[in-house]
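K.L.:
Below are the chains, spelled out letter by letter.
There are 2 protein chains.
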Amino acid sequence: MNIDQANADAVGRMIAARPMLTGIGTARDVIPGMRESLLLHAGPPIEWPRMSGPLRGAVIGALLFEGAASSEAEAVEKVEAGEVEFEPCHHHRAVGPMAGVISPSMAVYVVDNAEGDNRAYSNLNEGYGKVLRYGAFAPEVLDKLRWMNEVMAPLVGRALESLGGIDVRALVAEALHMGDEGHNRNKAGSLLFTKHLAPAVGEASDDRAAAAEVVRFLGDNALSVLNPVMAACKAMADAAHGVEGSTLVTAMARNGTDFGIRVSGLDDAWFTAPAATPDGLYFSGFSAADANPDIGDSTITETAGIGAFAMAAAPAIVTFVSGSPKDALDATLEMYDITVAEHRHFTIPPLDFRGTPVGIDLRKVVELGVTPRVNTGIAHREAGIGQVGAGLVRPPLEMFREALLAFAKRYQIT
Amino acid sequence: MNIDQANADAVGRMIAARPMLTGIGTARDVIPGMRESLLLHAGPPIEWPRMSGPLRGAVIGALLFEGAASSEAEAVEKVEAGEVEFEPCHHHRAVGPMAGVISPSMAVYVVDNAEGDNRAYSNLNEGYGKVLRYGAFAPEVLDKLRWMNEVMAPLVGRALESLGGIDVRALVAEALHMGDEGHNRNKAGSLLFTKHLAPAVGEASDDRAAAAEVVRFLGDNALSVLNPVMAACKAMADAAHGVEGSTLVTAMARNGTDFGIRVSGLDDAWFTAPAATPDGLYFSGFSAADANPDIGDSTITETAGIGAFAMAAAPAIVTFVSGSPKDALDATLEMYDITVAEHRHFTIPPLDFRGTPVGIDLRKVVELGVTPRVNTGIAHREAGIGQVGAGLVRPPLEMFREALLAFAKRYQIT
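For the protein sequence lines, the chains are A and B, in the order given. Read the first sequence against this note's numbering and you will find it ends at 1156, with the numbers running on by one and no gaps. Read the second sequence against this note's numbering and you will find it ends at 1156, with the numbers running on by one and no gaps.
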């Protein structure tokens, strides 16, 4: 068996994938396997007793949003009575930032791989402040979710239809030339996204105040494109999954308790270990003592060769996640050591337009003891509060070791 | 007399200026000294016989646009009969890119210095392809100008009013963190501009198709913010002008034949020399043989500490103007040698957020023999064709020498 060949095949599919944001649907209608009793969440599988504060908060918020409970207590009761099922977004071709909770009624982006037959989904980004994805569930959080579902989603959906979709790969490629890394810094990408949508949203509505509100929300939220970009990365990573004999990592995700990875040649197995707490910069009034362990599916960006892997393209990000522009450069340079290719479409101007490091090889991670770098937001450890900062984190090395052992066993390598 | 002190004073005013884009008006109504027989143009003073092809083309186009002539021949006849007056934009607190022709009926941006009492103006950017500023005057050029005047300007004007203006200094500061240098690369700035305007334009019109067309035009034109940025730089540079004993350069401008500069402590005198032809990259089908000498008021950006002076912030620009990201870094580093300050508001992430070099000191230019660097578009040398490329150029050293001699004479320095 030729692992290098299998990895080249897998990463080739990842690079060749062309994720197109084609529309918006309702989770229950479009996400395969979605059902009324089910909530999707970020990261590897987890049940209520082990869930961290922000994920519990998002679960409570989602049940309130669905009308399945009318109070926090009732929501918890329902969960403890076993009336709610939990499954990872990743089991349903979906991804969600931070808590990553997707409930049946939620509007979701649909991303199609134009170079393959796979599809991926993500929820809509809520912007800043108190938001479900950081575990907040106050009335204003639910009000905003309702506005997103009822006003924003139909307009953006119609706009996407009239545009014939948005090429997210091209958008990310351009944003990397504009100081984004595509994970924690999506300023340029969100402006490009808004630029594409704004005229079409205006044309899609005869309520100009509503259209203006949607365009303002998209334009003022420097993370508005994060969720479509995550779905695009999921579509790229999934294209590389299931290649016999490949040691390529095709998913990295955290549920706020565990970090988990999946490997191209190891079917749907998760390899997990306790999630670390990020190092970073905290918002005024918060400190490391408030931080929840690492959470969210947004590490799908690093899995697909952007995020911290493209940090050399985004020197200004250090004002947000800590460090110096030199650190940002070094982050990318280090990642070439544990990847198998340089991206053909995603290039880094300050590195003379070198392709981003892409395709994490399990073997290299374990051999060198160098784990992938990750940029991330930091959630408060208690339910209902929200974001407290942003920073840098690494997945635990042990789960890569376990995955490599499983690979050796499965492929009978001694 | 303390020249250093005078320069510190002048550059302090330049840096402290806060240009706000407050509205749109019609040139004849808002530009001081504008009159029916007058056309403004880029660069130092010049008369018809010495005008280059692109400036002549823009003059012809402006006379057709104004209805002052109905054919190219009639326009030329009118000019040759002495019925048209020409004065630099700079004599009227205005600036215009490339040919920089502003005629009485044209809509212009109004920029107010919120930290002073000066005001500046610029025309509206026409986007790509055949455009007046590159000397084209075909019917589609005039049609677009009419659409800009009749549809776009009123909507953008109302939007600016409802927004209470746009802080162009803050916009440029952000764009420099997004890979722009503010002169030849204004991708991020134009998206920020569009983001501010889009919802307000939508609200300003009950014709949603017209609003969408305006938003699409603004968003798809990566130079849409160039003209407001130029007017902002003019407002900053003018704030530094007229400081007794200062050797600070407060204007650099080219009319396609001559390059000219003005100096803070030397009133309104121009010092000129023949404009060089830029080195750069040519569009398919064109070469250096097609290039007109350097043209346009857009060098007001370098005068105010952005453009080529901030090129280290914009490594991706080299795909457009030639060179490597290292060259872009070196361009900025060299400019620290001939300037008197580092900008407090405009910072460069790849240089650890160092302020851009700002405030060109005539003395340093002459002593070191290092002229300012300039990024620029390249016009075809014949009237009516348009842009043929983009590149780099330097102003001739001799006019800096002449200015320094004049300074010595005026201030009786031996």
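Accuracy of the hints is not assured; some may be wrong.
[Stated by the list, open to error] Pulled a few chain B residues facing chain A out of the computed Cβ check, cut under 10 Å:
(1) V826
(2) A930
(3) R1086
(4) D1094
(5) G1097
(6) L1139
Hints are computed from structural coordinates only; laboratory data are not their basis. The model shown is predicted, which means the values in this text are computed figures rather than measured ones. Every residue, glycine too, gets a C-beta built ideally from N, C-alpha and C.
K.L.:
Each hint: holds or not?
P.N.:
Quick rundown of the hints versus the structure:
At a threshold of 10 Å, the smallest CB-CB gap from V826(B) to chain A is about 38 Å, leaving the interface hint violated. With 10 Å as the threshold, the beta carbon of A930(B) comes within range of chain A, its nearest partner Cβ sitting at about 5 Å, so the hint holds. Checking R1086(B) against chain A by beta carbon gives a least distance of about 16 Å; that is not within 10 Å, so the hint is violated. The restraint placing D1094(B) at the interface with chain A holds, with a minimum CB-CB distance near 6 Å, inside the 10 Å limit.
For G1097(B), the interface hint is violated, the least distance from its beta-carbon to any beta-carbon of chain A being 14 Å, above 10 Å. Annotation: interface hint on L1139(B) violated; nearest CB of chain A at approximately 31 Å, more than 10 Å.
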